[in-house]
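Participant: For the sequence shown, the numbering used here gives the first residue as 1, with consecutive numbering after it.
These aren't lab readings, by the way, just hints derived from the structure by calculation.
Careful, some of the hints might be misleading.
Stated by the list, open to error - DSBU-like, lysine-lysine: derived pairs with alpha carbons at most 30 Å apart:
#1 K280 with K46
#2 K46 with K279
#3 K270 with K37
#4 K140 with K126
#5 K140 with K288
#6 K140 with K218
#7 K19 with K37
#8 K218 with K50
#9 K94 with K218
#10 K218 with K288
#11 K244 with K270
#12 K60 with K50
#13 K280 with K126
#14 K305 with K143
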Amino acid sequence: MQHILENHPYIQQIIALEKQYEDRTELHKKVGGLLQKMGADDAFIKLVIKRNFEDDGFLKQEWSEYNIPYFFIYETADINVKIHFFPAMEHYVKGTAAHCIHHHNNYILTTAAIFGSGYETMLFDKHVEMNSATLECKLKITKHFTQEAYPVHTIDAWEPHIVYNPEIYSATLQLWTPDQKRNTDGLRTNPLLKALKVPLRKMLYLFGIEKKFGIAPKHTYQWYPEGDHFKAIEENEYFEPTRKSIGEKVNNFSIQTVCIFMQRRGVVDKAFIESILSKKTLPAYYHKWLNMLLNDETIPDSFCKSEINIPQRKYNMQDVINAASAQSI
């Protein structure tokens with residue numbers, strides 16, 4: 001369904017910038033204002049909605065708690081443009097971490113806040129000291145800011161960061177790119193190779209050539225504060241419960257969260273919604289939320305997870321500051 005947007009002037013501008021700036025860092029410096037403009041354009045957002053709701057791949061996907069609810073905008077081997085939706089807490093407590101401290105491997109991310117309060121975030125030095133026996137770590141905070149103060153910001157490849165839950169439901173428009181162009185980049189969007197992702201990774205690790213392909217190390221960690229230090233947890237272990245959390249409840253949460261944006265942003269095209277509801281292949285869980293849009297019924301808040309997969313189940317900003325202030329591991 002990319003053809004709906006691929007010739008749009010905004011997408012063409014991103015493609016032109018991508019071709020002009022082979023240095024990915026320079027590309028991200030140039031694109032922020034455009035992302036804001038895209039996010040502020042209701043007509044464009046309506047096209048994004050159409051692009052997703054007319055795409056059976058989007059409609060029939062199996063949502064899980066691992067996914068942040070989202071809309072696709074445009075994707076190639078070089079760029080990926082999306083909208084992410086961030087529900088607030090049921091009982092808001094300022095400075096509550098949304099997840100573990102993490103990085104996005106070899107991807108650079110530029111984010112534009114386009115709706116709601118936005119979130120608060122911290123970035124950390126890329127060099128993480130770790131005791132391999134205890135998994136105790138030392139991380140250094142390099143930047144601390146809110147999206148209200150910095151509505152556009154870039155997170156570098158391999159740069160650890162943390163998001164604190166927003167006070168009010170929020171949305172961001174994002175550009176993702178690999179940190180550099182590689183001859184193998186096109187393999188990421190090959191459907192056959194996507195299906196063989198796990199065995200291919202194992203082969204790359206076996207021959208020790210994963211870096212050439214922009215693949216994360218075999219053991220990739222996330223981090224959380226534990227008293228006067230940070231503790232590492234393997235990414236696969238951390239994500240295992242959310243990847244397994246699928247089914248009706250998650251499906252409803254995901255589409256409810258998407259529809260909240262449509263209603264509160266005021267971008268509901270009722271004629272289009274009626275056409276989607278008439279599809280015999282539309283999954284059943286869409287009907288409740290789309291009918292609420294159609295009938296101007298207020299969609300209630302969805303809420304983010306109250307716990308994450310670490311021993312203490314949650315942590316806050318002061319825990320991070322305390323751990324970062326300690327000098328030994």
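Participant: Indicate, hint by hint, whether the structure satisfies it.
Facilitator: Outcome of the hint check:
1. K280 with K46: holds (23 Å)
2. K46 with K279: holds (19 Å)
3. K270 with K37: It holds: about 25 Å lies between the C-alpha atoms, which stays within 30 Å.
4. K140 with K126: Since the Cα atoms of K140 and K126 sit roughly 9 Å apart, the hinted pair holds (cutoff 30 Å).
5. K140 with K288: violated (46 Å)
6. K140 with K218: holds (24 Å)
7. K19 with K37: holds (20 Å)
8. K218 with K50: violated (38 Å)
9. K94 with K218: violated (35 Å)
10. K218 with K288: The hint is violated at about 42 Å.
11. K244 with K270: Status violated; Cα separation ~35 Å.
12. K60 with K50: Roughly 15 Å between the alpha carbons, so the hint for K60 and K50 holds.
13. K280 with K126: violated (50 Å)
14. K305 with K143: Status holds; Cα separation ~25 Å.
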